[in-house]
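Colleague: In order, the protein sequence lines correspond to chains S and Y. For the first sequence, the working numbering assigns the number 1024 to the initial residue and increments by one for each residue that follows. For the second sequence, the working numbering assigns the number 51 to the initial residue and increments by one for each residue that follows.
In short, the hints are calculated from the structure, not lab data. Built from N, CA and C at the ideal position, the CB exists for glycine as well. Among these hints, one or two may not hold up.
[Unchecked claim] Label pairs and their calculated CB-CB ranges:
1. 1224/S - 161/Y: 18 to 26 Å
2. 202/Y - 1163/S: 15 to 23 Å
3. 1448/S - 108/Y: 46 to 54 Å
4. 1166/S - 119/Y: 23 to 31 Å
5. 1445/S - 190/Y: 26 to 34 Å
6. 119/Y - 1402/S: 54 to 62 Å
7. 160/Y - 1337/S: 56 to 64 Å
8. 1400/S - 65/Y: 52 to 60 Å
9. 152/Y - 1400/S: 53 to 61 Å
10. 109/Y - 1268/S: 38 to 46 Å
11. 162/Y - 1166/S: 23 to 31 Å
[Said to hold, decoys possible] Calculated pairs, BS3-like style, for lysine-lysine (alpha carbon to alpha carbon, straight line, at most 30 Å):
12. 1081/S - 1263/S
13. 124/Y - 149/Y
14. 1311/S - 1268/S
15. 1341/S - 1451/S
16. 1456/S - 1438/S
17. 156/Y - 1183/S
18. 1451/S - 149/Y
19. 1437/S - 1448/S
20. 1311/S - 1438/S
21. 1451/S - 1438/S
22. 1183/S - 57/Y
23. 70/Y - 1108/S
24. 57/Y - 1456/S
25. 1043/S - 1081/S
26. 195/Y - 1456/S
27. 1070/S - 1268/S
28. 1225/S - 1067/S
29. 1183/S - 1225/S
30. 1311/S - 1437/S
31. 156/Y - 124/Y
32. 156/Y - 1310/S
33. 70/Y - 1225/S
34. 195/Y - 1311/S
35. 149/Y - 195/Y
36. 1268/S - 1310/S
37. 70/Y - 1183/S
38. 1456/S - 1437/S
39. 1419/S - 1311/S
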Amino acid sequence: MPDYQSYAQGSPLEVKVISKRFGLPNSASIDVFLAHEGYQALVKALKMTPEEVINEVKNSGLRGRGGAGFNTGMKWSFVPRQSPKPKYVVCNADESEPATCKDRPLMEYDPHQLIEGIIIAGYAIGSHQGYIYIRGEYRYLMEILDRAIAEAYQRGYLGKNILGSGFDFDLATHTGAGAYECGEETALLNSLEGLRGYPRVKPPFPAVVGLYGCPTVVNNVETLSNVPAILLMGAEAYAKLGTPKNGGTRLFCLSGHINRPGVYELPMGFPLRRMIEEVGGGLRGGKKLKAVIPGGSSCPVLSADQIDVPMDFDSLAKIGSMLGSGGVVVIDEDTCMVKLAWRIMKFYAHESCGWCIPCREGTAWLQALLARFHSGGGLPQDPDTALDASYNMLGKTLCPLGDAAALPMISILKKFHHEFEEHLKLGKCPFEKNGTGAF
Amino acid sequence: MLSESLKAKFEEIIARYPLKRSAIVPLLMFGQDEIGYVSDELIEEVARAVGVPAIEVIEDVGYYSMLHRQPIGKYNLQVCTNVSCMLRGGEAIFAHCSKRLGIGHKQTTPDGLFSLEEVECIGACCGAPAMQVNYDYYENLTPAKVDQLIDQLREAHRNLGSGTGE
């Protein structure tokens, strides 16, 4: 396991709020955590009322870092606190969105920050039990979290009567076993109940009917990791780090054809152009930029002329894309966009759970169409057929996987239509000579 | 027969949940880690431990991609070819592994030492191209690094084998 210094190159442009302890030796241990503000936010929260905690998080402008971008404090406020049923906090550590690898360092280098966030969320919604649902591939992180949880029990931050407050909270990890679909919150809850990870009909939303039919908050690892910092610095100071309604910082995962790939903590609204050029050191081999996936493979692709955009939820929505999960993929001029579309579709066809027909059939047919098209057997009507099929998936499925497959497809068909035409004209992939276009 | 330590692990995991069946997938994962695959016996044991019919456990096995119904190699090479890895040569890494081991996707070498699998995003995008060998991550791969790794795994197995009389 690499230590953080060798793992990340870092950038002077970073604003370290949730990654500030990453570089410390032995940063995953409770002693290092306690020596650097650890569990101070919990001490503070336990002296506040749950409503005050929720309001603080609401006012901070913290929005869900898993991809949907919903106001976190608002989500917590939907839990019926007076309900006699038990309530649950579920941390979504099923990080599986292609191009996203930010929850990994959060759990590897600062597991106690996450645990503290979960306990505070539990206090805020009146829950006494939390689960961390972690993807099966992340076994080494589960072991780190299990050790950290044991430490927190030993020191009285978990268990009965936490810090003499009278508040009880238990926490356990839960391993998945390989399924992208389980990152969707209702599919995750089914999986956590020992069922196949199929999505549920919403409403009712998990805040009212969630795990075991009880009120449940499901939050992403990064979202919960932000909670201690919000309570310590105050909602106003936290909100000011970002842009209006987009509070705080964000972990961006820069990958693809970039000189310095890595996970960087930058303020919300940081300009995409500067992220590519200054933080990531520009494109590898001095190549020209062709496209950017701004927030994981589910997001509509941006063309090279769209990178003068502040990276926050609202600014990306304005130009027809999404901030998503923070996975920024930089794509150079030698890349075949038809092939890229095929690879994205291959992923969704593999991961579609098959519950909703438009997604199950649409992803499989589009994958086959794109494979044929890219290998030179395309028909002139294929791009229109693909567009039609994509529109017939949008909004027609229980969970967002259908949309996640259709949106990038539509954006590539529209913005890179000429590449489809070139394939037709040549009868083969025009990028083959670059060595990146061939199957 | 499941080992005593695995049975104890099962009990510890089941106790985490108000509903026993929540433990099905974790029990299958830890059972598979010990046995090497999801055997009929493991399915029966998990079903009994959580109090559901075996068919409900089998339903789960068919859904999750990390659960295997057949034995696989001691070292399972899982090469990512999703977008971030593809852009940095993930497909060439997969092809190299395939050529070097003489096996394709989801196949196992005749000596049972290696399996190969093309997998979807494993969350190592900033260290692309990447793969996992069982649960261990290997990032920023090149064909030369892959060769070195395969040699090391062979060597590790040989040393282990001589110690246990295999």
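Colleague: With reference to the structure, classify each hint as holding or not holding.
Modeller: Tested hints:
1. 1224/S - 161/Y: 18 to 26 Å: violated, 49 Å
2. 202/Y - 1163/S: 15 to 23 Å: holds, 19 Å
3. 1448/S - 108/Y: 46 to 54 Å: holds, 51 Å
4. 1166/S - 119/Y: 23 to 31 Å: Distance hint for residue 1166/S, residue 119/Y holds at roughly 26 Å.
5. 1445/S - 190/Y: 26 to 34 Å: holds, 33 Å
6. 119/Y - 1402/S: 54 to 62 Å: violated, 39 Å
7. 160/Y - 1337/S: 56 to 64 Å: holds, 57 Å
8. 1400/S - 65/Y: 52 to 60 Å: holds, 57 Å
9. 152/Y - 1400/S: 53 to 61 Å: violated, 30 Å
10. 109/Y - 1268/S: 38 to 46 Å: The hinted range 38 to 46 Å holds for residue 109/Y and residue 1268/S, with Cβ atoms some 43 Å apart.
11. 162/Y - 1166/S: 23 to 31 Å: holds, 27 Å
12. 1081/S - 1263/S: holds, 14 Å
13. 124/Y - 149/Y: Within the cut-off at roughly 19 Å; holds.
14. 1311/S - 1268/S: violated, 34 Å
15. 1341/S - 1451/S: violated, 36 Å
16. 1456/S - 1438/S: holds, 23 Å
17. 156/Y - 1183/S: With a Cα-Cα distance of about 47 Å, the restraint between residue 156/Y and residue 1183/S is violated, given a limit of 30 Å.
18. 1451/S - 149/Y: With Cα atoms ~26 Å apart, residue 1451/S and residue 149/Y stay inside 30 Å; holds.
19. 1437/S - 1448/S: Holds: residue 1437/S and residue 1448/S sit about 18 Å apart, inside 30 Å.
20. 1311/S - 1438/S: Holds, at about 17 Å.
21. 1451/S - 1438/S: The hint holds at about 20 Å.
22. 1183/S - 57/Y: Judged against 30 Å, a Cα distance of about 28 Å means the pair holds.
23. 70/Y - 1108/S: holds, 18 Å
24. 57/Y - 1456/S: violated, 57 Å
25. 1043/S - 1081/S: holds, 23 Å
26. 195/Y - 1456/S: Answer holds: residue 195/Y to residue 1456/S is near 26 Å, not above 30 Å.
27. 1070/S - 1268/S: holds, 27 Å
28. 1225/S - 1067/S: The given pair, whose Cα atoms are some 35 Å apart, is violated under the 30 Å limit.
29. 1183/S - 1225/S: violated, 34 Å
30. 1311/S - 1437/S: holds, 20 Å
31. 156/Y - 124/Y: Since the Cα atoms of residue 156/Y and residue 124/Y sit roughly 13 Å apart, the hinted pair holds (cutoff 30 Å).
32. 156/Y - 1310/S: violated, 36 Å
33. 70/Y - 1225/S: holds, 25 Å
34. 195/Y - 1311/S: holds, 29 Å
35. 149/Y - 195/Y: holds, 15 Å
36. 1268/S - 1310/S: violated, 36 Å
37. 70/Y - 1183/S: Holds - the C-alpha atoms of residue 1183/S and residue 70/Y are around 23 Å apart, at most 30 Å.
38. 1456/S - 1437/S: This hinted pair holds, its Cα atoms lying about 24 Å apart.
39. 1419/S - 1311/S: violated, 37 Å
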